[in-house]
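*Asks:* Given next are the chains, with one letter for each unit.
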Amino acid sequence: MSDYIFYPGCAMESNAKAYYDSLMEIAQPLGINLQEIDDWNCCGATEYVGINLIPAYSLIARNLALAAKTGQKTVLSPCSACYLNLAKADYYMAERPALGEKVNEALAAGNLQYTPGSLDIRHLLDVLINDIGLDTLKAKVVRPLKGLRVAPYTGCMVPRPDYNKRWSDPEHPTELIDVLKAIGAEVVAFPGGATCCGGHMTQIGPDTAYELIRRLISSAEKSKADIMVTVCPMCQLNVDAYQGETNSHYGTDYEMPIVFFSQLVGLALGFPPEKLGFGSEITSTEKALSRIGMDIPEAAITEGKQRQQEGLPMPLCMRKTAKTPECKRPCAEEAKA
Amino acid sequence: MSKTPVEHVHARLDHDEDLSLLHEVSMKTAGVSRLEMCIQCGSCGGSCPSEMDMDHTPRTLFAMLRAGMREEVLLSNTPWICVSCYHCVVRCPQNVHITDVMYSLKSMAIQEKKYRDSSAPDFSETFVEMVEKYGRSYEFGLATRHYLKHSPLRMIRTAAMGLGMLKKGRLNMKPTTIKGMEQLTAILNKAKEMELAHE
Amino acid sequence: MSNDKTNKIGVYVCHCGTNISHTVDVAKVRDWAAEGLGSEGVVIARDYKFMCSSPGQELIEQDIKELGLDRVVVAACSPHLHELTFRNASKRAGLNPYLTELASIREQVSWVHTDKEAATEKAKAVVTGAVERVIENEPLEELKVAIHPDTLVVGGGIAGIQAALEIANAGKKVWLVEREASIGGHMAQFDKTFPTLDCAACILTPRMFEAGNHPNIELMTWSEVTNVAGYVGNFSVTIKKKPRYLKEELCTGCRICIEKCPTKVVDQGYEAGIGYRKAIYTSSAQAVPKYPVIDTENCNFFQKGTCKVCEKSCPTEAIDYEQKEEFLTVDVGNIILATGYDLFDARKVSNYGYGRLPNVFTSIEFERMCNAAGPTSGDIVLRDGKTTPKTVGIIHCVGSRDRNYNNYCSNICCMQSLKFAHLVKERTGDTVYDFYIDMRTPMKAYDEFYQRVLEEGTLFVRGKVAQVTDAARKASEEGKLMVQVEDTLIGKQRRIPVDMVILSIGMEPRHDAKETGKLFGIGCSANGWFTEKHAKLDPISTMTEGIFIAGTATGPKDIPTSVAQGSAAAARVLNMIMRGEVTLEPIKASVYQGQCSGCRICNSLCPFNAITFLEDRKVSEINPALCQGCGTCVAACPAGAISGTGFSNDQILAQIDGLLMDVTLADA
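Protein chains in written order, with my numbering: chain A, -1 to 335; chain B, 15 to 213; chain C, 64 to 731.
The shape of chain A in the complex, shown without the other chains (with noise of 0.2 angstroms):
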């Protein structure tokens, strides 16, 4: 078992409460032993830093001084927004270091302190690929998701700006292909994997929002996915529950499913659906699941046909992986693999 610090985020006690309950199912299974930090507070989302600058890191700091008592270094945390938070916070206190002294000198006042550097600050993904490991994660599939055509959606605050340079691309991340893959879902070409779901322009702007869901719903659509995997609440919410009012106001019928990585994780490692949070969508998912539940032809279409070898041949790939260091392979069969 690791242990980790666990900094839930306010969405997992709301709206993202499939993520949560999922986690708590799968966190055993895979040896993710959570704390969870007492009396964690917001992050602030995004809104606090656009109003005052000292306190939305103070507000954000606290967590870090509380996580920072707990004398474990690593903290866990599976919200994109909180993430980047705490490691934007991490990271901004020591390059600028009179912000690292004034949200000090604020913490003091309720007898706290924080040191930058002084934790590991990481997201679910990154620890289940890096800490657990595929390997560990396919040996515990009992049902792979054979069949199921799933879209990739990292989306921002995960692999972008990435302070600590722990992820593979900051725009084409492969971190969550990875382990859809390893779950045996069919990953489906999702060019707007890494894109923006419109954040809080659902609540502020919704014209602005509804564009980019529709663009994310359609390149989905488009690359015939069953259903969107997320690793983030925000994304979760947007795609999913302003998916109707995005319809009406483009006058399209898109029904397309979204859910958390960790539910389909839960699936493939054989918890019930019930346990998973699935269910709690506005977007129903239950097309999608029975392409798993009922009905796994054996000859799943997979693959498309191979690329002929015509014409003018492809550069090289360049996954940066451990094991591939030098990876020969076309490219484009990459994509198509």
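Quick caveat, the hints were computed from the structure, so don't treat them as lab data. These numbers come from a predicted model, not from an experiment. Keep in mind that the hints are not guaranteed to be accurate.
[Said to hold, decoys possible] List of simulated lysine-lysine pairs, BS3-like, C-alpha gap at most 27 angstroms: (1) B:LYS128 with A:LYS15; (2) A:LYS15 with B:LYS188; (3) B:LYS193 with A:LYS67; (4) C:LYS255 with C:LYS236; (5) A:LYS136 with A:LYS15; (6) C:LYS543 with A:LYS222; (7) C:LYS207 with C:LYS305; (8) A:LYS67 with B:LYS204; (9) C:LYS543 with A:LYS220; (10) B:LYS181 with A:LYS15; (11) B:LYS182 with B:LYS206; (12) A:LYS179 with A:LYS163; (13) A:LYS163 with C:LYS411; (14) C:LYS323 with C:LYS255; (15) C:LYS411 with A:LYS179; (16) C:LYS537 with A:LYS222; (17) B:LYS128 with B:LYS204; (18) C:LYS555 with C:LYS453; (19) B:LYS182 with A:LYS273; (20) C:LYS91 with C:LYS179.
Given chain A, work out where chains B and C should sit, using these hints.
*Replies:* What follows is chains B and C alone, placed relative to chain A:
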């Protein structure tokens, strides 16, 4: 201690009246903003997914900062349309912390009450009010209050969805309050006395 | 430290125009030297606008003669610049030049500080250190050594070829070493060259041929330098000749083996990955020399033990699967490094999609595509090999001027992009978009070429492209590559549909530049390019005597500049050869054998292999002819048994004492 190139720029800006607005924004930004290093290439404006709804691209805004156009910059809707996707940040060839600069511009606009449409600033302020009151965000309270004030019609349209969220247990009717409210309030009150500016 | 030797020291403080005097109060430094350091033996202190000018130098000479100075300190710029100037001035006045010291109050004081008062105090300390040091200086005699008339040129691109031909045509012998199978370098891959559009092959092939057949050039391709020993005038260089698996003396270059070879592989070298070659190959039909090499990684025989088609088909029985690598050692007097550049790996900019989106090409791929002898016979087509694009987008600065990759300008990309725009227009009549940040066309006839491309109707968009994507947002974008960019002259984001994208990729230092630098004893800048002795006044020399440098090894350059540097380096080498001998600095290390513990730590550290261990006496000894006075052994010796002339412990400790001395005048 030797100065980094950016600190050199800062030191020079201190004496240069023409760049005082740019410098002010730079110093109010959380990390080392590197705003002074912008080469006006447009990576940010080209990357932005919500540019179509902005009155100026981020790049234009930075040029306006250089030109000292305080009023126009603070009245711009650009920072309020920013979705914090960080595409511009990772693509910026000069590593300018663009998203964080947007946050600084928002807080300056709020302080000086400079905005054409109060919907976005109100949302942020209401959100923060809830957090300051409970220590956790409170979506139900936030959404109802925000919609009532700014788009009652939309509230009717989204009522069904909201109800769905409620039924599926995804929207808490009551806020959660943390135990250490007193401590948090003390911290935030102290923090509000301070500002990140010249150092 | 008091001066019991009763020296007569002169101190000369330079204003360097305003370079020094703007930040340092020169008069105060002068007064300090005259009054504060009188007890140390300073008998005269002067300041002057430009010490390095003739009247400045004459001041020193006159004082030496008239006041009988026996030590001189010049407080001015870095020793790199004018140490020799002032030593020569002393020499002319009859003083041993090594009794003159330079105190750097420009590079180490005025240029790096802004507070005038503090800078003046520091300048006084630096001068005091130099005075204390010069007291300990000993008169030294220079060494003269003969220069070997042969020259090594490393790298057979256009700069190396040019340098080799210049020297060879002057009647001197050149060893031209190239690690690829043919000389020609990157230029041999190009189609047309800007701004005149002559074909690269037409102008380069004759030079390649000449270099390959010159009686004074010993061409060694498929070879690498593995060791460099010695010093200016007397280098001993080991060259590894990799096996071609073919006897060059028997091969006629008939190419039958290539024709018959059954294995076709993607050519990641000469054809830049968009063409094929055989497992036995030459880079092109114009390759110099004409002999093929076997690519053992892809050869059936080397991989599976069967095939031997090349051996069977060779009419002269030249194939030799048993061939081993060979080493030979050659003596040369000078070395020219023309090791060139690597291309930026465009796959790193994942938002441009190279490697993921088939119809995104790099500039080098496009060069090969345009080339009539290339994989498409000069047809501009998409990755499918047949479709002609209708709209082409060209992107500048890929991997250049970008702190995420290389923060320098790659110099040639603007002109290269303009050339591509012209070629696309000329051959297909396509719509061409050219995306640039700043248009940089400063050399002869370059801006005129820009004008021409403007006239031809290329659509210029000022903005760094944010992304290239195949994710369509609406029906009109389906099946296209979308170039998303802020048109900064309008201040609006645009998504421009194109069929083909060409990335103008920048230049990078060779991936192994650091090792090469270590091998030849020269340094790299922070970016990894080799450092010139002086960026403006000596751009083809290095800090190591006898090692010169030409072309893109020091940074991105176009062809005319690389060629000019090749010639310039050759001129410098010929100058050395004509002189016949070279004066070596008498800065040498020596071992106090009584103190040496025989630990041998210094033996392996010496970069010039100048230290030998005397087995009989169990002590180390330094060969003064080989020692370059670098000081590595002096610093490393745990017993403190090694001392360097010019950098003796007494000198260094005295200088430190001086630096730390209280530099306030008692009466001030």
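*Asks:* It remains to establish, for every hint, whether it holds in the given structure.
*Replies:* Now the hints, each set against the structure:
Between LYS128 (chain B) and LYS15 (chain A) the alpha-carbon distance is near 38 angstroms, which puts this suggested pair outside the 27 angstroms criterion. Taking the CA atoms of LYS15 (chain A) and LYS188 (chain B), the gap is about 16 angstroms. The hint holds against a cut of 27 angstroms. A hinted pair counts as satisfied when its Cα atoms are at most 27 angstroms apart, and LYS193 (chain B) with LYS67 (chain A) qualifies at roughly 17 angstroms. Proposed proximity of LYS255 (chain C) and LYS236 (chain C) is contradicted: the alpha carbons are some 32 angstroms apart, above 27 angstroms.
Pair hint LYS136 (chain A) plus LYS15 (chain A) holds up; C-alpha atoms about 25 angstroms apart against a cutoff of 27 angstroms. For a cut-off of 27 angstroms, the pair hint linking LYS543 (chain C) to LYS222 (chain A) stands: about 19 angstroms separates their Cα positions. Between LYS207 (chain C) and LYS305 (chain C) the alpha-carbon distance is near 37 angstroms, which puts this suggested pair outside the 27 angstroms criterion. Restraint check: the Cα-Cα separation between LYS67 (chain A) and LYS204 (chain B) comes to about 21 angstroms, which is no more than 27 angstroms; the hinted pair holds.
A distance of roughly 15 angstroms separates the Cα atoms of LYS543 (chain C) and LYS220 (chain A); the hinted pair therefore holds under the 27 angstroms criterion. Restraint check for LYS181 (chain B) and LYS15 (chain A): the C-alpha separation of about 13 angstroms stays at or below 27 angstroms, so the hint holds. At most 27 angstroms may separate the alpha-carbon atoms for a hinted pair to count; LYS182 (chain B) and LYS206 (chain B) exceed this at roughly 38 angstroms. A distance of roughly 23 angstroms separates the Cα atoms of LYS179 (chain A) and LYS163 (chain A); the hinted pair therefore holds under the 27 angstroms criterion.
For the suggested pair LYS163 (chain A) and LYS411 (chain C), the alpha carbons sit about 14 angstroms apart, so the restraint of at most 27 angstroms is met. Between LYS323 (chain C) and LYS255 (chain C) the CA atoms are separated by roughly 32 angstroms; this puts the pair beyond 27 angstroms, and the hint is violated. As the CA atoms of LYS411 (chain C) and LYS179 (chain A) are separated by approximately 24 angstroms, the hinted pair is consistent with the 27 angstroms bound. Note on LYS537 (chain C) and LYS222 (chain A): the hinted pairing holds, with a Cα-Cα distance of about 17 angstroms set against a maximum of 27 angstroms.
Restraint check: the Cα-Cα separation between LYS128 (chain B) and LYS204 (chain B) comes to about 26 angstroms, which is no more than 27 angstroms; the hinted pair holds. Under the criterion of a C-alpha separation no larger than 27 angstroms, the hint pairing LYS555 (chain C) with LYS453 (chain C) is consistent with the structure, at around 25 angstroms. Of the supplied pair hints, the one linking LYS182 (chain B) and LYS273 (chain A) holds, its CA atoms being roughly 14 angstroms apart against a limit of 27 angstroms. Between LYS91 (chain C) and LYS179 (chain C), the direct Cα distance comes to roughly 11 angstroms. Compliance with the 27 angstroms bound is thereby established for this hinted pair.
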